[in-house]
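Dock chain one against chain two, each of which comes alone in its own frame, and use the hints as you go.
So you can see what is in the structure, the chains are spelled out below.
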Amino acid sequence: MKVSLFVTCLIDMFQSDVGRDTVELLEHLGCEVDFPEGQTCCGQPAYNSGYLKESMESMKHMINVFQDSEYVVTPSGSCGTMFHEYPNIFAGDAEWEPKAIELANKTYELTQFIVEVLKVEDVGASLPARATYHTSCHMTRLLGVKEAPLTLLKNVKGLEFTELPDKHNCCGFGGTFSVKMSQISEHMVDEKVRHVESTKADILVGADAGCLMNIGGRISRTGKPIEVMHIATVLNSRK
Amino acid sequence: MGMKIGTAAFKERVDQGLSDSFMRGAVSAAQGRLRDGRLNAAEELGNWEDWRSHGEEIRKHTLEHLDYYLEMLVDNVSKRGGHVFFAQTAEEANEYITNVVKKKGAKKIVKSKSMVTEEISMNEALEKIGCDVVESDLGEWILQVDDHDPPSHIVAPALHKNKEQIRDVFRDKLGYKNSEKPEELALFAREQLREEFLAAEVGITGCNFAIADSGTVTLVTNEGNARMATTLPKTQITVMGMERIVPSWEEMEVLVSLLTRAAVGQKLTSYITALTGPKGEGDVDGPEEFHLVVVDNGRSKILGTEFQEALHCIRCAACINVCPVYRHVGGHSYGSIYPGPIGAVLSPLLGGYDDYKELPYASTLCAACTEACPVKIPLHELLIKHRQKIVEKEGKAPVFESLSMKAFRMGTASPTMYNIGSKLAPKMMKPFVKEDKIANGPGPLKNWTSIRDFPAPSNERFRDWFKNREKEESKS
Ligand code: SF4
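As they're listed, the protein sequences go chains Y and A.
For the first sequence, my numbering assigns the number 1129 to the initial residue and increments by one for each residue that follows.
For the second sequence, my numbering assigns the number 224 to the initial residue and increments by one for each residue that follows.
Bound conformation, chain A alone (with noise of 0.2 angstroms):
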């Protein structure tokens, strides 16, 4: 899929999202849910801002410190028996895991839900050498189920459907014949899922936190599915962003309580999977082969710029959750797999400012998820340091806008220009004046009178009435 979802502009894309009452009901409903469990959460583990702060630091330190640890990770992970391959490309990536694949002429390949796997389009690269890659995060499933209906959310993929459209999916694709209870969709799914678990011959998972010091990598899911992916297949091959790292078991402990209150406002999810290695000596269960592939894909570029706090999400969809504009356009709109404030700002930084101009812009910069940010990434003023890359290096802001950004330079920068143009601008706007207000404005002033009216200039200035009550009082 790659990270790029649909060719739609972004526009057609929007309004897409803005004309389905289906997604937007079932989106609010979620963004209210997850909400109030993310502050109750919050609430129950008291000190919050503190642990915001712990959890900041350590993820400013492990990125400043990024190339130590990913040594240390690769060492232990190598003397656990374990191999690592670091790939700079997607391409690179794929190539690796194909070609473990195909060492092994595995056909039946069972995943668990991973963000980076979905960026680099790693199942196509398997379907392409004749693999069946089955999702297995239920969430996930369903979109596959569904022709590959892209995912709208990093925690919750299926968010924009409702359950009797996952109903409905299930019935037209699989013949299932229940009703939409969540129960009885679960169970059929798992039902589906535990046969496909028991074929798979190679497992492929995310990462969540991979452990530097002891070699480990962390899967936090509450369907259990990663369990049985890194424990059923004889082959396993994690895939993780070359960011998701913690020095030690320590501090993944911090981002864990913060990771999962964030996101589904739990104290801790139903299942914590730690993988170290292939199965040692008399261990029951675990792979015999165990693969890291470690992906750049364009992130060593953002380390020691200004956005490098993006590299510091944990992926929680805590500012996905509280968006406004996310609340109604949706995932799709952003034309990323990474939606919401992060997606906005991550998805230039990866995919380029040609496909994903718009994003910084697609925004109030109302700093919602700047405030749940668990890990405290100042997200709205990378929107703006966005703007101003848009604006300065690219060069890619329209023309009109920065006319008027220089006239507003030189109004607002000497007081004699802004007297002129604020005395102006009511005689200028008076025409349009009906009824103490503007229903139709000329020029830029159209979009926003396209929608609400604008406001009629007052007759007197506040300036020209403060200058005249001095003199009034000077007089009496």
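This is chain Y alone, in the form it adopts within the complex (with noise of 0.2 angstroms):
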């Protein structure tokens, strides 16, 4: 199965190990995987601090970047999630609405990818350590890719998992909020963290770099013992 990446700007500047083992995944399950090399950033923080028109633009500069992918998949919920957004930003433009459909029909999440088309569920992964999921909100709610990572986690041999508690509520990411409101976000980040020490957890697992990149930034600042992990990297280890 041919299979676009769409790694994301944070991924490919700041993470680029998440990517790498996300290649080696989906190739591991049988996919070819390329990446057009024209990606940008899906638009999402200039959309969501109300800069419609200058975000509009590299929307449609991503329509056209993946215009011939057959599937988009990224390890990013949120970011998926954005691309499921374009066909409601482009209503009604009778250019890109149609093309904007298409792309969102054919962009999935990782985890979503490997559970709804590739119809796997045991990806062979194996990390003898204790783990807790942080449910991102996006990906949850928007994006409705709720059990995928579960289902997948659950099979991941040697590894314990523990349910983070208060797992519905934002960990205080909200892209420019965490830098516009840092008092507020200061103090939902640290509830986020009290619940992750208090599962015991040596590892936090996460689908989206935005959220964990504000809770591992937190956790590291407190020099707390838990490490931080994309679910790619986890689903890619095989010790």
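Please keep in mind that the hints were generated in silico from the structure rather than gathered at the bench.
It cannot be assumed that every hint is accurate.
Here are the simulated BS3-like cross-link-like pairs (lysine-lysine), alpha carbons at most 25 angstroms apart as the crow flies [to be verified]: (1) Y:Lys1130 x A:Lys690; (2) A:Lys330 x A:Lys351; (3) A:Lys690 x A:Lys653; (4) A:Lys629 x Y:Lys1181; (5) A:Lys608 x A:Lys629; (6) Y:Lys1227 x Y:Lys1181; (7) A:Lys694 x Y:Lys1130; (8) A:Lys351 x A:Lys457; (9) A:Lys524 x A:Lys580; (10) A:Lys616 x Y:Lys1188; (11) Y:Lys1181 x A:Lys580; (12) A:Lys580 x Y:Lys1308; (13) Y:Lys1188 x A:Lys608; (14) A:Lys612 x Y:Lys1188; (15) Y:Lys1352 x A:Lys669; (16) A:Lys234 x Y:Lys1308; (17) Y:Lys1308 x A:Lys612; (18) Y:Lys1352 x A:Lys660; (19) A:Lys599 x Y:Lys1295; (20) A:Lys580 x A:Lys227; (21) A:Lys657 x A:Lys646; (22) A:Lys608 x A:Lys580; (23) A:Lys400 x A:Lys386; (24) Y:Lys1308 x Y:Lys1181; (25) Y:Lys1181 x A:Lys616; (26) Y:Lys1308 x A:Lys660; (27) A:Lys302 x A:Lys457; (28) Y:Lys1328 x Y:Lys1295; (29) Y:Lys1308 x A:Lys608; (30) Y:Lys1308 x A:Lys669; (31) A:Lys227 x Y:Lys1308.
Since we're looking at a predicted model, the values are computed, not measured.
Printed below as a string of structure tokens:
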């Protein structure tokens, strides 16, 4: 199966190892992965800040970049959600709405793609550790991907899984919110970190680079002995 | 009180909220309870999502034909002998209400809970003409006794207080001698309030749903206070926001089912009070005179705009009960009697961006509100629309932000620019990197690194790794 990777700008620049894990994982599952080189950013930072015009240009650009792809897979629930928002944003635009719909229909978040399209529930990973999972808001509520990451994690050999208390509450990232409203964000992320600690997990797993950067950054700042790991890395572990 | 509460700037209000550990304890405990309640009640109903869609359709249809249904309501209230007044502004509403009260020579007024009367500062207007206005909803009454502490939640106005604090208010202000047990507190309030009901000459209520085809106003309470306020006083005034209307009893039933479940996880409240005009011949109770005041106060300006859905709100507070920002800052931080997500959408619409421009940004756009809303108002999308308005029409966005967004467009709409930028960024960040992280970032990163570390850029961008790998592969 041919898959185009939408790696997202955060992972491209700051967590390139997550991108590599995603490629290796998909190849391990028999996919042929390509990386359309023109890709930039989904437009979410500008769109969510109210800069509609600015964001629409990057959206159009991304639509063009992935025009010929059969499937678009991304290791980020939030950026995947953004592709799924394009049809609403371009609603009524005779030229771009159909293209936006086409892109949305072929775009999948990584775990969603593995479970729903590849129909794989056990990727053959193993990682002896105690883990908990952060359900990121956009992926869960807007993209509606709730079960896929858990299904895959539960089949990772050696991984002992504990549910995160109050997992429905946002970690306080929210893109520019994290810097614009940093005083509020701090209390939100602290509560999240407290909950992670209470599970006694060694690893916090997540499927969104933004949330992980926020929670991970706070964990690192406060010196807690918890490792933060993207789900692609967990699923690509063969220890 | 008006819609605006307090004069402190947004940041000060938030700081105050964040440092109030009593309030935060009370709020997070209540959020947990209310959220669980709602989910259980929704599950028990079965096809909750179908109910939500149905609720959404009803609100949409009604608002799209608002003039038609309002006319029908006016006709039917008039036919039953009631008086109807359309108030375009808060002042007009208050003038009408105070005139009715003056004509009756009334001094003692008893109220049941109503957000719209808070919005128009009706109590103050009545107090100015020498009336004693008594709140009869337990939460509202507690706040009134506590020197008019503003409400922090639209359904549970005293949510920010715990039972010990309520006991202290009663002790200090009213000489209460018993404990903080809720039963004892409630009994005390009941005794005090009963006297007020019996003495009141005018009863004033809000309105949950006005039923157009019968001319009925309905009120949903758990304490029965609306029933007392609509039956004991001789004159009854109902004040409603102009959108608080349904075509018939049939739609009302659907919305009440959604409201009570979404608000507090109840299948039904203890009381649903319905009042159709003044007391008829042969009726044993009910008011002799009935006035319905329909308040616009900025609502018709929202009609026909991209914010129309904000008027679909049935004031259940489910969005507030799940909001992770409200959880930490509490209701008073919003500076409006309408807090939480719906408050962040509605307050700027009714009160303007000058006072409320920060509210649309006081959200992570996590969409917990949108998911919880029983009539499917896309709250987080409306917050983004506010941000768009602020950026495009109002020009109120910070200069730095608009510059960086221009840079964003250049950097993301063209792969060449993205390439240059993403190659350059690591070099620029390098001086700040220590032990694989940035703990003290420059410029816009500063607010980030004041709380948390920022990752150092990867040594090799993903795209370079991928390209090199392809090259290697083609070689071999
Ligand atoms: S916006 Fe929706 S959830 Fe919030 S109070 Fe109104 S009806 Fe309830």
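Comparing the hints with the structure gives:
1. Y:Lys1130 x A:Lys690: holds, 18 angstroms
2. A:Lys330 x A:Lys351: Holds, at roughly 11 angstroms.
3. A:Lys690 x A:Lys653: Distance of about 24 angstroms is within 25 angstroms: holds.
4. A:Lys629 x Y:Lys1181: With a Cα-Cα distance of about 10 angstroms, the restraint between A:Lys629 and Y:Lys1181 holds, given a limit of 25 angstroms.
5. A:Lys608 x A:Lys629: With Cα atoms ~19 angstroms apart, A:Lys608 and A:Lys629 stay inside 25 angstroms; holds.
6. Y:Lys1227 x Y:Lys1181: Between Y:Lys1227 and Y:Lys1181 the Cα gap is close to 18 angstroms, so the pair holds against 25 angstroms.
7. A:Lys694 x Y:Lys1130: holds, 19 angstroms
8. A:Lys351 x A:Lys457: Measuring from Cα to Cα gives roughly 22 angstroms; hence the hint holds.
9. A:Lys524 x A:Lys580: holds, 18 angstroms
10. A:Lys616 x Y:Lys1188: This hinted pair holds, its Cα atoms lying about 23 angstroms apart.
11. Y:Lys1181 x A:Lys580: holds, 20 angstroms
12. A:Lys580 x Y:Lys1308: Holds. A:Lys580 to Y:Lys1308 sits at ~13 angstroms (cutoff 25 angstroms).
13. Y:Lys1188 x A:Lys608: holds, 20 angstroms
14. A:Lys612 x Y:Lys1188: holds, 22 angstroms
15. Y:Lys1352 x A:Lys669: The given pair, whose Cα atoms are some 22 angstroms apart, holds under the 25 angstroms limit.
16. A:Lys234 x Y:Lys1308: With a Cα-Cα distance of about 11 angstroms, the restraint between A:Lys234 and Y:Lys1308 holds, given a limit of 25 angstroms.
17. Y:Lys1308 x A:Lys612: holds, 18 angstroms
18. Y:Lys1352 x A:Lys660: Since the Cα atoms of Y:Lys1352 and A:Lys660 sit roughly 15 angstroms apart, the hinted pair holds (cutoff 25 angstroms).
19. A:Lys599 x Y:Lys1295: holds, 22 angstroms
20. A:Lys580 x A:Lys227: holds, 13 angstroms
21. A:Lys657 x A:Lys646: holds, 19 angstroms
22. A:Lys608 x A:Lys580: holds, 12 angstroms
23. A:Lys400 x A:Lys386: With a Cα-Cα distance of about 14 angstroms, the restraint between A:Lys400 and A:Lys386 holds, given a limit of 25 angstroms.
24. Y:Lys1308 x Y:Lys1181: Holds - the C-alpha atoms of Y:Lys1181 and Y:Lys1308 are around 21 angstroms apart, at most 25 angstroms.
25. Y:Lys1181 x A:Lys616: Since the Cα atoms of Y:Lys1181 and A:Lys616 sit roughly 13 angstroms apart, the hinted pair holds (cutoff 25 angstroms).
26. Y:Lys1308 x A:Lys660: With a Cα-Cα distance of about 21 angstroms, the restraint between Y:Lys1308 and A:Lys660 holds, given a limit of 25 angstroms.
27. A:Lys302 x A:Lys457: This hinted pair holds, its Cα atoms lying about 19 angstroms apart.
28. Y:Lys1328 x Y:Lys1295: holds, 15 angstroms
29. Y:Lys1308 x A:Lys608: holds, 18 angstroms
30. Y:Lys1308 x A:Lys669: holds, 11 angstroms
31. A:Lys227 x Y:Lys1308: holds, 23 angstroms
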